[in-house]
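Residue strings, one per chain:
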Amino acid sequence: MKVGDIMIRDISAIFEDETVERFIRLCANHLRTGMPVVDDEMRILGYISENDVVNAVIPSYFGMLQSASFIPDTNQLKKKLHLIKDEPINKYMAKSVISVKESDTLLHASDLLIRHKFFSLCVVDEEERLTGLVNRSRILLGVLQELEEENE
Amino acid sequence: MDVLTVTMNSALDREIIIPHFELNTLHRVFEREKLISDPGGKGINVSMMLSELNGTPSIAMGFLGGYTGRIISEELRKRYPNVTLNFIHIDGESRENIFILDEINHYITEINAPGPVVQEPDLLHFMKLFNTVVSRTKITVISGSVPVGVPLDTYSMLSEKAKESGNKVYLEARGQLLTNTVKKCCPEVVRPDMRSTNKIMGKEVESLNEYMEVGKEIVSYGAELVVISYKFRHDLIFTPEGAWILTIKEGELNESHLLGTGDAYVAAMIHDCLTTDHSLLEQAKYGMAAALAKTSYLKKETPSLLDIEKNLDNIKIEKLD
Chain Y
35 MKVGDIMIRD
45 ISAIFEDETV
55 ERFIRLCANH
65 LRTGMPVVDD
75 EMRILGYISE
85 NDVVNAVIPS
95 YFGMLQSASF
105 IPDTNQLKKK
115 LHLIKDEPIN
125 KYMAKSVISV
135 KESDTLLHAS
145 DLLIRHKFFS
155 LCVVDEEERL
165 TGLVNRSRIL
175 LGVLQELEEE
185 NE
Chain P
1050 MDVLTVTMNS
1060 ALDREIIIPH
1070 FELNTLHRVF
1080 EREKLISDPG
1090 GKGINVSMML
1100 SELNGTPSIA
1110 MGFLGGYTGR
1120 IISEELRKRY
1130 PNVTLNFIHI
1140 DGESRENIFI
1150 LDEINHYITE
1160 INAPGPVVQE
1170 PDLLHFMKLF
1180 NTVVSRTKIT
1190 VISGSVPVGV
1200 PLDTYSMLSE
1210 KAKESGNKVY
1220 LEARGQLLTN
1230 TVKKCCPEVV
1240 RPDMRSTNKI
1250 MGKEVESLNE
1260 YMEVGKEIVS
1270 YGAELVVISY
1280 KFRHDLIFTP
1290 EGAWILTIKE
1300 GELNESHLLG
1310 TGDAYVAAMI
1320 HDCLTTDHSL
1330 LEQAKYGMAA
1340 ALAKTSYLKK
1350 ETPSLLDIEK
1360 NLDNIKIEKL
1370 D
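As they're listed, the protein sequences go chains Y and P.
For any residue, its number in this note's numbering is found by taking its place in the first sequence, counting from 1, and adding 34.
For any residue, its number in this note's numbering is found by taking its place in the second sequence, counting from 1, and adding 1049.
The following block holds chain Y by itself, in its conformation from the complex (with noise of 0.2 Å):
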């Protein structure tokens, strides 16, 4: 079974000009993490996921701390908010983006995900354009599907 097999067909994607807050009320509609960044020829120029926006609105020093139940409000993050809604994603996204082909095997997919720690890969066609993504799921969904089979 292939990556083109279990794949997810769905090539919505942001460009990198659109804001953050455009980002974050795609993502709400859609019940995305995140969303391939393309260029005018659906060429993936980067990743923007919610994490790289909750990273940029929470001061660094959060991740050490054991408990953020002491920080007395909300505003700090409203007012970091307020500062980057407005600015263009290519900004925030991440630029080295790992992804794989329809023609790759599982295993390919599964190997990436794991070793980078990703939930998602995209899948790109021969000119690296978007052509669909592959999760976690699918990736198990397909071993599954293999394993009826064989024992068919």
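Worth flagging that the hints you see were computed from the coordinates, not collected in a lab.
Treat each hint with caution, since some may be false.
Taking lysine-lysine and the BS3-like style, the derived pairs with C-alpha atoms no more than 30 Å apart in a straight line are [stated by the list, open to error]:
| no. | chain 1 | residue 1 | chain 2 | residue 2 |
| --- | --- | --- | --- | --- |
| 1 | Y | K135 | P | K1265 |
| 2 | P | K1187 | P | K1210 |
| 3 | P | K1365 | P | K1265 |
| 4 | P | K1127 | Y | K135 |
| 5 | Y | K135 | Y | K119 |
| 6 | Y | K125 | P | K1177 |
| 7 | Y | K36 | P | K1187 |
| 8 | Y | K113 | Y | K129 |
| 9 | Y | K129 | P | K1265 |
All of these numbers come straight from a predicted model, not from anything done at the bench.
Chain Y is fixed; fit chain P onto it per the hints.
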């Protein structure tokens, strides 16, 4: 990827089969198969039918909103792996179209809900995405109505972009949307949507002559093929070479089975265009055969290629002009 379909006003089609449907009565439906939820909207229908006809892949674009929108994309993803989704998920709810089909009395009752309001940033995003995708395809299908917030010259802008990228454009629309697009940037194939209207290009059509005039008018704006449904059993075909009337030779047409016939027509024409070197007139005949084959099913179903072939012989072509 050869085909791009645009569905600005996508919908969830709910087909409910109720024999002896009556107003002001409680109808209980006992079988799950008689309550169908299907992704819909004319462009999406064409994508689904292309996939079922011959596994032809396509990209479906447009707007989806809210819970209904998520059901549409989930159903497409699950059932039509050949359809690549490229929808913008916007605020608000996608529409639901309810069809109550009564096979006994041959009634079809439709309730169309309004779509979400499209905001300007969403429309701009759509236009940009469209330009990005259309450079990869050969045929663009622009079909159906537009939701509130989408200006009536949008289709002509899409038609222009698609043509610039070397795409052949199929348009199925009605009213001002059709008139504007034909006048500003006429697509190659135009099929005026005649459901619930007797007006084309702002003119009422009744007699064959009036139909002929309007058909020729659309050709004069640059269409290579115009298909107009005429008095139920006929299709009028206009090309720069002349006009023809296609007639269904025999067999009763069931009026409760008309759901999805227009989309079967367009999907079959595209399938014929991609797989043969048929003339436009032959493509139209193939489309009509598909629409005819579709009428043997009550629900929105795709006829098989074999069914279409069988129905080809049941269509008579006569030259009018």
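Hints, verified against the model:
The suggested pairing of K135(Y) with K1265(P) is violated, with an alpha-carbon distance near 48 Å, which exceeds 30 Å. In summary, the hint linking K1187(P) to K1210(P) is supported, as the alpha carbons are separated by about 12 Å, within the 30 Å threshold. Taking the CA atoms of K1365(P) and K1265(P), the gap is about 21 Å. The hint holds against a cut of 30 Å. Our distance criterion of 30 Å between C-alpha atoms is met by K1127(P) and K135(Y), whose separation comes to about 21 Å.
Pair hint K135(Y) plus K119(Y) does not hold up; C-alpha atoms about 33 Å apart against a cutoff of 30 Å. Distance restraint check for K125(Y) and K1177(P): the Cα-Cα separation of roughly 20 Å lies within the 30 Å cut-off, and the hinted pair is therefore satisfied. Taken as a hint, the K36(Y) and K1187(P) pair is honoured in the structure, with Cα atoms around 27 Å apart against an allowance of 30 Å. Between K113(Y) and K129(Y) the CA atoms are separated by roughly 26 Å; this keeps the pair inside 30 Å, and the hint holds.
With a C-alpha separation of about 54 Å, the suggested pairing of K129(Y) with K1265(P) is violated against the 30 Å cut-off.
In this structure, the hints that do not hold are numbers 1, 5, 9, in rising order.
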